[in-house]
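Residues per chain, in single letters:
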Amino acid sequence: MSNLVFLIPIALFLGGLGLVAFLWTLRTGQYEDLDGAAWRALDDGDDKPEA
Amino acid sequence: MSCCAPGVEGGLDLNGSGSGLPSSEELRLSAKVLGDGLFQTDLSVPGVYCGACITTLEGELKKLPMVARSRVNLSSKRVSVVWKESVNGQATDPSEFVRQIVSTGYETHLFSLAGEAGDEQRNKLLRAVAVAGFASANIMLLSVSVWSGAEASTRDMFHWLSAAIAAPALVYSGRFFFTSAWKALRHGQTNMDVPISIGVLLSYFVSLWETFNHAEHAWFDATVMLLFFLLIGRTLDHMMRDRARSAISGLARLSPRGAMVIGDDGSREYRPVEEIKPGDRLAIAVGDRIAVDGVVLSGTSDIDQSIVNGESTPVPVGAGTSVQAGMLNLTGPLEMKAMSAARDSFLAEIIGLMEAAEGGRARYRRIADRAAQYYAPAVHLLAFLSFLGWGFLGGDWKHAMLVAVAVLIITCPCALGLAVPVVQVVAAGRLFQNGIMVKDGSAMERLAEIDSVYFDKTGTLTLGRPRLVNRGDVGEDALSIAAGLGFYSRHPLSQALFRSAQGLFMPTFAEISEVPGAGVEAKAEAGVYRLGSRLFACGPEAAAAAQQGAESEVVLSLDGREIATFLFEDAPRPDAEASIETLHAKGLSTAIISGDRAPVVASLASRLGISQWKAALSPRDKAEAVSQAVSHGSRALMVGDGINDAPALAAAHVSMAPATAADVGRQAADFVFLRDSLEAVPIAIDVSRKAGQLIRQNFALAIGYNIVAVPIAILGYATPLIAALAMSSSSIIVVVNALRINRMARVEHPEPPLAAKAPTLGQGAHIAV
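Protein chains in written order, with the working numbering: chain B, 56 to 106; chain Y, 554 to 1322.
Okay, chain B solo, but in the shape it has when bound (with noise of 0.2 Å):
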């Protein structure tokens, strides 16, 4: 019983960081053009901050 306290709390916690990451992905667009995500990740001069 008395580990449960610490137990639930864990694991509300650690379901809430996901809820949170996931509020977080999509307030910042990474949703808005998944196509052309997944074409950018072989792209190897993408997106790297200018010199």
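There could be a bad hint or two in this list.
[To be verified] Chain B is faced by these chain Y residues, among others (derived, beta-carbon under 8 Å):
#, residue
1, Ile607
2, Thr608
3, Thr609
4, Val625
5, Val684
6, Ala690
7, Leu694
8, Trp713
9, Leu714
[Unchecked claim] Distance ranges between label pairs, derived from CB positions:
#, chain 1, residue 1, chain 2, residue 2, range
10, Y, Phe731, B, Pro64, 56 to 62 Å
11, Y, Ile1275, B, Thr80, 32 to 38 Å
12, B, Phe68, Y, Leu587, 25 to 31 Å
13, Y, Ser639, B, Leu81, 35 to 41 Å
14, B, Thr80, Y, Gly947, 30 to 36 Å
15, B, Val75, Y, Gly816, 55 to 61 Å
[Claimed, not checked] Calculated from the model, a selection of chain Y residues having no Cβ within reach of chain B, i.e. all distances over 12 Å:
#, residue
16, Glu611
17, Tyr927
18, Ala1071
19, Gly1113
20, Asp1229
21, Val1263
No lab work stands behind these hints: they were computed from the structure.
By construction, the Cβ of each residue, glycine as well, lies at the ideal position given by its N, Cα and C atoms.
Add chain Y to chain B, keeping to what the hints say.
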């Protein structure tokens, strides 16, 4: 900057002065102001399809000093360009980056930023799904512990925790269902959301009460899981509509956003179309569309009015000719007087007709809603009867209440809520791969029901591009001379001549002039060549003697003597014949309703094997023809592209338009197909019918599940564990069944983009011009 890369058509556009590209004024007017001298313009680029396209486009745009940054979105096929108002103190010209895009071989269109509201709703739904998913996962974790035998006080604590997690999720994620159910109830109707809301709320509060009394069973997991599954269905439904909408608006080939107004003192000012008043003098450049109805004051030109009335051949205009909004000015600059404001123009009249002709769309009730009409009362009656039965027979009213809640939860239309949207999303994806966009799910349901198909002619059955038909008769020499001349004109017949002479050597001419409304004239060593109408090329006597057939003609003459006559007809879309045959084989009747002249329509109809046709119809006639058929009980599909088809598109049970259609036409249509081939029509019908079949199968599965599960619930054996198992397994079965459509409908490979198939520009001589 242009010469080598683009396809031939791109090259023509660049050399022609106006072309279909948005003007700098238009771009400036539509750009979004970001501050600090930065503007953002979103352009649609339908040709992008892979990583190389992204790199090419972004790389080319980066070369321009005025472009601050650019990003291609492959999913929505758009590029958004952020550009500077001025570079080193010099004002920039936004049309420069549009030309840069065209020079890489991609066609591009400007579109308005109107569709942003839809994204907001989608994100709201996605957030609600995320919250419901989080809550149901955590509550399930606690529930599993309870089911595996948690003891009294631990169980109570787990139940209280579950209640605490479920409450905010219920409010946040459930509000979509609650508000919609409330709206329906207030108007004395029911929809699918009513049983959902009642089931969810009742199960939550009964569970809360049970928890308060230290009871064994609580239904918090079922409550939230229901929300989770149903929200997935709702989100899919919304996203499908959203994607189609953005793609369609992305292709918008706008009716003009403004026009150049000439002031009394001769000053010129570009004004948005809403601010143009009757009496204003407007300058219409070559390649511009006419913004409002009016009369030509000076200048001569040819006008392409195909989008307005379906007439395939351009018409010469001069001072005094009246012109209508939407027509395209082809060969010479015009000055015109606006006769009516934009809201009274031809376009606005069409929109009025469309509103009057509300077709199947307004009357149609979606399958899911029709099912809910019977489902909701049946379920509520069942739950109420089990409550009364257990209460009177067993005497334990509390237990009766629990059984009634179990019945509500088990029958809650989880599978039903997923059954329709999942099938429709998968089917829409299938159609998208075949180059067909669907506006919403109900369109597919309606398309599955049709029994007759009405086609417009110009631009729908045909490509709206003329094709040389007597190439064998005219001889190569004449053709190459004519093509060399035709290169200098934007008249569609001249361009068709130029295209059909690909690969021949074309002579160049030193002195060339285009006579708007007539043709092209060039001085060469042999004499004066003229290419154009018979009147222009050979003089009035020859023109009077000749007869005009079904085809359009262009005459080439040397010093007034005819050398050759080129005959053109509007080329039918690829696979038009085969597609019509397929439609007949499916038992559908076909008909042509066209605004074009009777002989042209008749010859096409007989060639395609369509027996019913009507010619020379006004937009109102077309709409009436369709709504008459509809009122006689026929379910008609209308396929059309012009502004003149828009009322008919709205009147039909369901409608389709090619992507080249006028903006209004695309807005009115339920389906938009992106490829040239007319095969899109039978494919769309096929996929829609299969989707309809799968939806019915899914309903059958869901009802079958209820037949098994409901007796268990009524008998009082449905524990939360059984409910959770039953709900998730039925949802999974429905989704898996929906995915079968991927195997039922055929796959086609996407067309290569313009850049890949463009031939090299062999006629180097022309580049020197």
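Q.
Hint by hint, where does the structure go against what was stated? Just the numbers, ascending.
A. 3, 8, 10, 12, 14 and 16
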